[in-house]
Amino acid sequence: MGKAHILQALTQLSPAERLAVIEEALHQLRQELLMASPSEKALQQAAQALREDYLNDPELTAFTSLDSEAWDETG
Numbered sequence: 001m002g003k004a005h006i007l008q009a010l011t012q013l014s015p016a017e018r019l020a021v022i023e024e025a026l027h028q029l030r031q032e033l034l035m036a037s038p039s040e041k042a043l044q045q046a047a048q049a050l051r052e053d054y055l056n057d058p059e060l061t062a063f064t065s066l067d068s069e070a071w072d073e074t075g
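Note that the working numbering has the sequence shown beginning at 1, numbered continuously upward.
Read the hints as simulated data drawn from the structure, not as lab findings.
Do not take every clue at face value.
Unchecked claim - Quick list of the computed label-pair ranges, beta carbon to beta carbon: (1) E24 with A4: 34 to 42 Å; (2) E23 with L55: 56 to 64 Å; (3) L66 with E40: 51 to 59 Å; (4) I6 with M35: 16 to 24 Å; (5) E59 with L29: 40 to 48 Å; (6) E24 with D67: 25 to 33 Å; (7) D67 with A42: 54 to 62 Å; (8) Q31 with R51: 28 to 36 Å.
Quick caveat: nothing in here was measured; it's all calculated off a predicted structure.
Glycine included, each C-beta is placed from N, C-alpha and C at the ideal position.
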C-alpha cells in the first residue's frame, strides 16, 4: 500500500479516527527509533571506553601526523 493510497483512505475516516491512526503510527515509529538507537549508544560507549587509550598511546595515533600532508594517488 503506497502513501497516496493511505492518505486517500484516511479521508474516509472521521477526524477522531484519523487522529487515533496518526497517534498509533507515531507510537510505532518511536518504538522503531528506540530499537535502532542501541547500536548508536553502543558505539558511543565503545568510543568513550577507548578515549583514554587514544589520548595516551601515541602508537594508536601515529598516522594522524600525516593528516596535514597533501597527497594524491597519481604521484
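Hint by hint, here is what the structure shows:
{"no.": "1", "hint": "E24 with A4: 34 to 42 Å", "verdict": "violated, 20 Å"}
{"no.": "2", "hint": "E23 with L55: 56 to 64 Å", "verdict": "violated, 47 Å"}
{"no.": "3", "hint": "L66 with E40: 51 to 59 Å", "verdict": "violated, 29 Å"}
{"no.": "4", "hint": "I6 with M35: 16 to 24 Å", "verdict": "holds, 23 Å"}
{"no.": "5", "hint": "E59 with L29: 40 to 48 Å", "verdict": "holds, 44 Å"}
{"no.": "6", "hint": "E24 with D67: 25 to 33 Å", "verdict": "violated, 49 Å"}
{"no.": "7", "hint": "D67 with A42: 54 to 62 Å", "verdict": "violated, 27 Å"}
{"no.": "8", "hint": "Q31 with R51: 28 to 36 Å", "verdict": "holds, 31 Å"}
Checked against the numbered hints above, the structure violates hints 1, 2, 3, 6, 7; every other hint is satisfied.
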